[in-house]
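Student: Chain by chain, the residues run as shown.
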Amino acid sequence: MNPWTLLAYGGGLAQSQSIFDPASPGAAEIRNLSILVLAITGFIFVLVEGILLYASVRFRRGAATGSEPPQVYGSKPIEIAWTTAPGLIVFVLVLVTTRTLWEINPTPPDPRPGDQALFVTAIGHQWWWEYRYDHYDGKELSFTAANELHIPAGTKGGARRVYLALDSADVCHSFWVPRLAGKTDMIPGRTNHMWFQTDQPGLFLGQCGEFCGTQHANMLIRVIAEPAADFERWLANEKGGQQPRENDPETVKSGRKAFLGQSCVNCHRVAGTPAQGTCAPDLTHLMSRQTLAAGIVANTPENLRQWVANPQKIKPGCLMPAFGLSDRDRDRIVDYLRTLR
Amino acid sequence: MAIVEQQPELARERESAAWTAVLHDWVVTVDHKKVGILYVLMAVAFLIIGGCEAILIRLQLFWPRSTLVGPDTFNGLFTMHGTTMVFFVGMPILTGIANYMVPLMIGARDMAFPRLNALGFWATLFGGLLVYFSFVTGAAPTMGWFAYAPLTEHAFARSSATDFWALGLIVSGIGTLAAAVNFVATIMGLRAPGMTVRKLPFFVWTMLWTSVQILFAIPPLTATLVMILLDRNLGAHFFDVQSGGSAYLWQHLFWFFGHPEVYILILPVFGMVSEVVPVFSRKVLFGYEFMAVATAAIAFISLGVWAHHMFAVGMSRTVNLYFAAASLLISIPTGIKFFNWLATMYGGRISFAPPMLFAFGFLSMFLIGGLTGIMLAIVPFNYQLTDTYFVVGHFHWVLIGGTLFGTFAGIHYWYPKVTGRMLSVRLARWQFWLLFIGFMLTFGPMHIAGILGMPRRIYTYDAARGWAIWNQLTTAGAIVQVPSYAIFVYNLIVSLWKGKPAGDDPWDAWTLEWTTASPPPPYNFEEVPVVHSRRPLWDLKHPDDPDWKYE
Chain A
23 MNPWTLLAYG
33 GGLAQSQSIF
43 DPASPGAAEI
53 RNLSILVLAI
63 TGFIFVLVEG
73 ILLYASVRFR
83 RGAATGSEPP
93 QVYGSKPIEI
103 AWTTAPGLIV
113 FVLVLVTTRT
123 LWEINPTPPD
133 PRPGDQALFV
143 TAIGHQWWWE
153 YRYDHYDGKE
163 LSFTAANELH
173 IPAGTKGGAR
183 RVYLALDSAD
193 VCHSFWVPRL
203 AGKTDMIPGR
213 TNHMWFQTDQ
223 PGLFLGQCGE
233 FCGTQHANML
243 IRVIAEPAAD
253 FERWLANEKG
263 GQQPRENDPE
273 TVKSGRKAFL
283 GQSCVNCHRV
293 AGTPAQGTCA
303 PDLTHLMSRQ
313 TLAAGIVANT
323 PENLRQWVAN
333 PQKIKPGCLM
343 PAFGLSDRDR
353 DRIVDYLRTL
363 R
Chain B
32 MAIVEQQPEL
42 ARERESAAWT
52 AVLHDWVVTV
62 DHKKVGILYV
72 LMAVAFLIIG
82 GCEAILIRLQ
92 LFWPRSTLVG
102 PDTFNGLFTM
112 HGTTMVFFVG
122 MPILTGIANY
132 MVPLMIGARD
142 MAFPRLNALG
152 FWATLFGGLL
162 VYFSFVTGAA
172 PTMGWFAYAP
182 LTEHAFARSS
192 ATDFWALGLI
202 VSGIGTLAAA
212 VNFVATIMGL
222 RAPGMTVRKL
232 PFFVWTMLWT
242 SVQILFAIPP
252 LTATLVMILL
262 DRNLGAHFFD
272 VQSGGSAYLW
282 QHLFWFFGHP
292 EVYILILPVF
302 GMVSEVVPVF
312 SRKVLFGYEF
322 MAVATAAIAF
332 ISLGVWAHHM
342 FAVGMSRTVN
352 LYFAAASLLI
362 SIPTGIKFFN
372 WLATMYGGRI
382 SFAPPMLFAF
392 GFLSMFLIGG
402 LTGIMLAIVP
412 FNYQLTDTYF
422 VVGHFHWVLI
432 GGTLFGTFAG
442 IHYWYPKVTG
452 RMLSVRLARW
462 QFWLLFIGFM
472 LTFGPMHIAG
482 ILGMPRRIYT
492 YDAARGWAIW
502 NQLTTAGAIV
512 QVPSYAIFVY
522 NLIVSLWKGK
532 PAGDDPWDAW
542 TLEWTTASPP
552 PPYNFEEVPV
562 VHSRRPLWDL
572 KHPDDPDWKY
582 E
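For the record, the sequence lines run as chains A and B. Its first residue numbered 23, the first sequence is counted upward by one per residue in the numbering used here. Its first residue numbered 32, the second sequence is counted upward by one per residue in the numbering used here.
Think of the hints as simulated: they come from the structure by calculation, not from any bench. Beta carbons are placed, not taken as given, at the ideal position from N, Cα and C, and that holds for glycine. Some hints here could point you the wrong way.
[Said to hold, decoys possible] The calculated lysine to aspartate or glutamate pairs, modelled on EDC-like cross-linking and capped at a C-alpha distance of 20 Å, are:
{"no.": "1", "chain 1": "A", "residue 1": "Lys279", "chain 2": "A", "residue 2": "Glu268"}
{"no.": "2", "chain 1": "B", "residue 1": "Lys65", "chain 2": "B", "residue 2": "Asp575"}
{"no.": "3", "chain 1": "A", "residue 1": "Lys98", "chain 2": "B", "residue 2": "Asp578"}
{"no.": "4", "chain 1": "A", "residue 1": "Lys335", "chain 2": "B", "residue 2": "Asp103"}
{"no.": "5", "chain 1": "A", "residue 1": "Lys161", "chain 2": "A", "residue 2": "Glu260"}
{"no.": "6", "chain 1": "B", "residue 1": "Lys368", "chain 2": "A", "residue 2": "Glu71"}
{"no.": "7", "chain 1": "A", "residue 1": "Lys178", "chain 2": "A", "residue 2": "Asp43"}
{"no.": "8", "chain 1": "A", "residue 1": "Lys161", "chain 2": "A", "residue 2": "Glu125"}
{"no.": "9", "chain 1": "B", "residue 1": "Lys572", "chain 2": "A", "residue 2": "Asp43"}
{"no.": "10", "chain 1": "A", "residue 1": "Lys178", "chain 2": "A", "residue 2": "Asp189"}
{"no.": "11", "chain 1": "B", "residue 1": "Lys368", "chain 2": "B", "residue 2": "Glu320"}
{"no.": "12", "chain 1": "B", "residue 1": "Lys65", "chain 2": "B", "residue 2": "Glu582"}
{"no.": "13", "chain 1": "A", "residue 1": "Lys98", "chain 2": "B", "residue 2": "Glu582"}
{"no.": "14", "chain 1": "A", "residue 1": "Lys161", "chain 2": "A", "residue 2": "Glu248"}
{"no.": "15", "chain 1": "A", "residue 1": "Lys275", "chain 2": "A", "residue 2": "Asp351"}
{"no.": "16", "chain 1": "B", "residue 1": "Lys580", "chain 2": "A", "residue 2": "Glu90"}
{"no.": "17", "chain 1": "B", "residue 1": "Lys572", "chain 2": "B", "residue 2": "Asp535"}
{"no.": "18", "chain 1": "A", "residue 1": "Lys279", "chain 2": "A", "residue 2": "Glu254"}
{"no.": "19", "chain 1": "A", "residue 1": "Lys279", "chain 2": "A", "residue 2": "Asp351"}
{"no.": "20", "chain 1": "A", "residue 1": "Lys98", "chain 2": "B", "residue 2": "Glu320"}
{"no.": "21", "chain 1": "A", "residue 1": "Lys261", "chain 2": "A", "residue 2": "Glu248"}
[What the hints assert, rightly or not] Negatives, chain A to chain B, calculated, CB over 10 Å:
{"no.": "22", "residue": "Thr166"}
{"no.": "23", "residue": "Thr177"}
{"no.": "24", "residue": "Gly179"}
{"no.": "25", "residue": "Asp192"}
{"no.": "26", "residue": "His215"}
{"no.": "27", "residue": "Cys289"}
{"no.": "28", "residue": "Gly346"}
[Stated by the list, open to error] Away from chain B, derived, C-beta distances all over 10 Å, residues of chain A:
{"no.": "29", "residue": "Ser97"}
{"no.": "30", "residue": "Gln138"}
{"no.": "31", "residue": "Asp159"}
{"no.": "32", "residue": "Lys161"}
{"no.": "33", "residue": "Leu163"}
{"no.": "34", "residue": "Leu347"}
Given only the sequences and the hints, what does the whole structure look like? Please build it.
Tutor: Below, the structure written as structure tokens:
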């Protein structure tokens, strides 16, 4: 069993999604700036609340109420002082904002041979993610994956950047993996860009950041960073299609027939077969994924069976209806899907 | 005997006749005081409805993967909660208080256009009812109060709930505009002799600028809601991306209204606090002129910062930087105000009577909302924080810690003028402390949940994400707040009969509303007062040391 599948089963463990636990240079820059801003605002907080509490205690009227206190109408020098001081703080904040903003938002380069960079077009759908792998290390890729984004992890001195072009197929979404980068929205009709890189192999969780309808809450992101060699193995597998094999058991053969005979093919795609739908997740390598339905449940045979039988039970409101398959059809189709490695 | 027997019946008849007469009187009234009370009652009713929605939201989020309410119900709840609180609680309660107080504070007998005033209220109320009529379609709209396109398009929102929502906001927007026009005309045209614009009571000054902001902000909202209705019902394509419309356009149009709206909800409160803090510190407002200029500056700058709600939509770095700088700039006039309030308290003789207690709540809490606002204006930090629970914590800190605490200060301050009775101090203290503690417990943990990666507007979350404890604290805080609102409403009602008689001027205050009877007669003032300074009653009470010598 590969270690990533293990991680999926270990989903009971809390996985950090904190913005103060960065694993990518951009997220780290943001963390550093945030700490500076927290320090400045923290100082203002202590100062102003301090004066407020002091004044409230010190000048609280005692039991005896005498005459009115001296009336002070204002003071120009004092007003100028407390206009200038916040002005200076604002000036400093604008400068540090500018610096970080320019550092973390470079213009994305074009892919070229030997750049060791991965280019992916990520497309938000109600309520799942489509990833079109465009280029890796300057070589053209053209395959599509869904929901789980595999990326190469860099090594010291050998950074492997990931550039995402962000689109939406329907409504606004937002791509957000807190440990890798801040949010960038997916706005239909516009293409946005973001990048990240990490030296830490592992799983990075995130989810859609912009309300996008019924199942916004379960539009989860899993980014899986693997050492370059593992990643390239994964790439090689994903590039291939699915052909019927001679030695497939009978249930798989009939499952394939059932799958291709049902309306599954209108929405889903399995490369190498007549199933060429584009409005639902690409299933070509379904079994290489840790989870189903954009991260809501682990990819186990039982979950897959329940999903095929009635997706509305697992993810109410999702766009895949329950098709009312017979138990036999359902089991055959699941058997077939289980071969899509 | 027969006569005696008939008496109860007669009394009942008279009573019912009186009851219908009272109802008739309130429905057809054009008296600014009655219209003001109607606004506040409407706001309190909607506050209870919006509060119930909030409690359901919090109960759903108490347990991870809870199935208390389904996803669409949850999405409807937060859409209605946001819409209700902004349009049918926040704006009406402030408009209502101003409706009552502005003419009294400037020595006028009514608003400039009394019939327009009544129209404004009824349009606001019917707008609210129209939005709630969306429930007759089977369910509330589910696209969130800022209704990002294309979720409002027919393809994604099939039921006509969205049409009811848009129509309701158009109608209530007309009411809001009517009120704003009326305030500007009243403040510019009906001031007492001697009250130049430089001598306006501070609350009136802030209402003037709030009205100017409304005049700039509401028409774009109305226009863009009409565009939604055209898209949905007449096949236009303003926001329909598949047919060449733009989802991005909606965000600009909405926030061009939406950001000034935030200041529409806070400027009047700045005004109320600027009335309460001096009276209960026994000192004149420190730096009136700087405060006045700061108010105008906020009103202007706030018209040019809207896209700080949109840092993550992929605008260029330069545009983002401009909006960040403009947003940060607002902290300067806000800081001026804050320091002037503190300077007013400093060296005073402070009494923590209920109005001042709530003003203290405002000062201590609004500061925090302002500081988290600075964090959100720092674009890179915003990339992480936007659309998370941190933002939800931030704006509730501003709207409850700021607007609501300040409004309660105003209500506790002016209730004796409106009813002739004092509110119970003991109940007011309970209300304050339950709200203060419950509020921090509710919205503090939201900031942490956001930092830990929890997006807003999710109907559920997985236990493995580690957010449960923060959500449970938040829900507990919300439940602590509930009795506070109940005590408030109870206090408002019971004090009508049981409150101590207030007299004309219970707080020994300085502005014109305290010269007339409590409650004021329909004509407000027997004699139109003549004003020489910003504190006409101070001049009367201290003829040896009047204000006009120093202004």
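Student: Tell me, in ascending order, the numbers of any earlier hints that this structure violates.
Tutor: 2, 8, 9, 10, 12, 18, 25, 26, 29
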